[in-house]
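S.K.: Each chain is listed here by its residues.
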Amino acid sequence: MATLYYTEEHEWLAVEGNIATVGITDFAQQQLGDIVFVDLPEPGKEIEQGDEVVVIESVKAAGEIKSPVAGTVVAINEALADTPETVNEDPMGDGWFLKLHISNDIDLGKLLDEAGHQGLLEDS
Amino acid sequence: MNQKNTILTTPLHGLHVELGGKMMPFAGYDMPVQFPGGIIKEHQHTRTHAGLFDVSHMGQLIVSGPDVTRELERLVPVDLEALAVNQQTYAVFTNTEGGIKDDLIITRFADDEFFLVVNAACKAQDTAHLREQLSDDIKIETLASRALLALQGPTASNVMAALAPSTTELVFMRGCTATISGVECYVTRSGYTGEDGFEISVPGAEADAIARILLNYADVEPIGLGARDSLRLEAGLCLYGHDMDDNTSPVEATLLFSISKSRRPRGAKAGGFIGADSVFGHIENGVTRKRRGLLVQGRVPVREGAELFDTEGQVVGTVTSGGFGPTLQSPIALGYVASRSADFGTELFALVRGKQVPVIVAKTPFISQRYFRG
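Chains as they are written, first to last, in our numbering: chain A, 1 to 124; chain B, 125 to 498.
Don't take every hint at face value.
[What the hints assert, rightly or not] Looking from chain B toward chain A, a few residues come up when the C-beta cut is under 7 Å (computed):
(1) G162
(2) I163
(3) I164
(4) G350
(5) R423
(6) V424
(7) P425
(8) F448
(9) T451
Everything labelled a hint here was simulated from the structure, so no lab data went into it.
These numbers come from a predicted model, not from an experiment.
The beta-carbon is built from N, C-alpha and C at its ideal position, and this holds for glycine as well.
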């Protein structure tokens with residue numbers, strides 16, 4: 001069973017063993033509006049924590065996703081190339097971006113659990 | 125927040141908030157970028173039905189007085205004498221170097237009275253320019269309390285037929301006064317979407333009521349500035365401050381149509397406007413760069429500021445507006461391209477995050493304009 005974490009930038013990561021699946025929350029997709037392109041990294045790419053790892057293009061503007069953890073990209077959501085709108089429709093599920101093989105222990109201090117995430121939404 | 129003290133609102137601000145508009149500052153006004161449906165749905169609704177836009181942030185001015193026609197003709201290269209009462213024209217204010225100070229729509233209200241609609245961000249500068257350039261006999265009235273609504277789309281005329289039947293007889297770029305629900309408005313057949321449509325100038329105090337009446341029609345949905353931008357981009361219409369500015373001549377901007385034939389070299393009233401020498405130089409000798417449409421190959425949006433390269437890797441231009449065209453289902457852009465690379469069909473590359481994105485130099489509009497010409 002994966003454990004779900006969130007960042008203060010409204011990304012989520014589902015951690016199962018040493019694999020983290022990364023996406024954005026429903027709140028984030030609503031803020032971005034209609035998504036028309038998602039620029040994903042090449043599988044195999046080494047990512048440092050805080051690296052700009054995904055660029056999301058909405059009709060109006062481009063936004064970057066910084067990686068919440070360090071790791072190696074082991075999979076990307078290829079389906080988003082043809083159907084980027086999936087991120088709007090199912091951000092927590094089929095709209096995932098990539099899977100990282102986590103290189104270090106996750107710095108939990110920087111991540112939020114479900115309660116912390118709800119608190120963040122209430123403040124937004 | 126500091127901004128709250130200075131940001132302006134239009135008479136429809138309350139309605140926007142009530143309708144769930146996502147509000148953002150634009151040209152000093154708190155404006156809706158989109159409503160809950162989102163930009164793509166709003167865009168498509170305007171192309172298939174009718175969209176209601178609040179464009180009250182734009183400047184509305186009345187310029188009047190003896191000989192106002194001749195005086196205004198020094199500021200815009202348009203044959204205003206030839207403009208009939210209730211006829212309107214697109215125009216640019218030129219500067220001494222032949223660049224564009226602003227673009228505007230001029231409507232003749234009477235022999236010695238013109239109605240000007242200018243860009244929100246240029247209002248103060250334009251008013252100052254008019255005051256400085258026109259003689260003291262000319263009155264410049266800023267209609268600050270007036271609102272401006274745009275009803276755009278193929279079924280806009282059905283809505284107007286029910287509300288103010290006489291306005292459906294207007295053809296593109298004509299206007300008339302009309303009473304909508306007891307309120308006297310000035311209605312023109314014009315817009316910024318490439319679709320048939322109307323712009324309705326109303327007293328600010330009545331704007332909310334008129335907007336609600338329009339929104340009561342099943343065909344009419346509120347549209348934010350996001351879709352306004354994607355609609356105008358597909359229609360190949362320039363956005364001032366992006367696709368042209370003080371350093372761009374109307375010839376470079378491929379806005380030659382904004383210069384009346386009679387005001388061009390060898391015309392009956394050739395020149396006589398600010399910066400005419402420079403503009404004539406561009407007309408007679410050609411320009412080194414031209415505004416062009418860019419059809420982006422693939423799905424990566426190419427945005428303002430992206431550099432353009434030819435197939436040999438030489439920089440040949442810059443993108444000035446770019447985004448996703450929901451009707452075309454493809455990214456599109458406008459930009460300036462060196463004349464040698466500006467032939468339609470030329471293959472170029474835009475650089476986006478270090479990657480080469482192929483683009484093809486294209487004619488604008490990207491979609492066919494559907495203005496009502498009778």
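S.K.: Take the hints in turn and mark each one as holding or not.
M.R.: Comparing the hints with the structure gives:
The restraint placing G162/B at the interface with chain A holds, with a minimum CB-CB distance near 5 Å, inside the 7 Å limit. Taking 7 Å as the C-beta contact cut-off toward chain A, the hint placing I163/B at the interface holds, the least distance being around 4 Å. The beta carbon of I164/B is positioned within 7 Å of a beta carbon in chain A (closest approach about 4 Å), and the interface hint is therefore held. For G350/B, the suggested interface contact is upheld, since its CB lies about 5 Å from the closest CB of chain A, less than 7 Å.
With a least beta-carbon distance of about 5 Å to chain A, the hint placing R423/B at the interface is held under the 7 Å criterion. With a least beta-carbon distance of about 6 Å to chain A, the hint placing V424/B at the interface is held under the 7 Å criterion. Interface hint at P425/B: satisfied, since its Cβ lies 5 Å from the closest Cβ of chain A, which is below the 7 Å cut-off. Hint status for F448/B relative to chain A: holds, with the closest Cβ pair at about 4 Å, below 7 Å.
The interface hint given for T451/B is violated, since its Cβ lies 12 Å from the closest Cβ of chain A, which is over the 7 Å cut-off.
The structure shown violates just one earlier hint, number 9.
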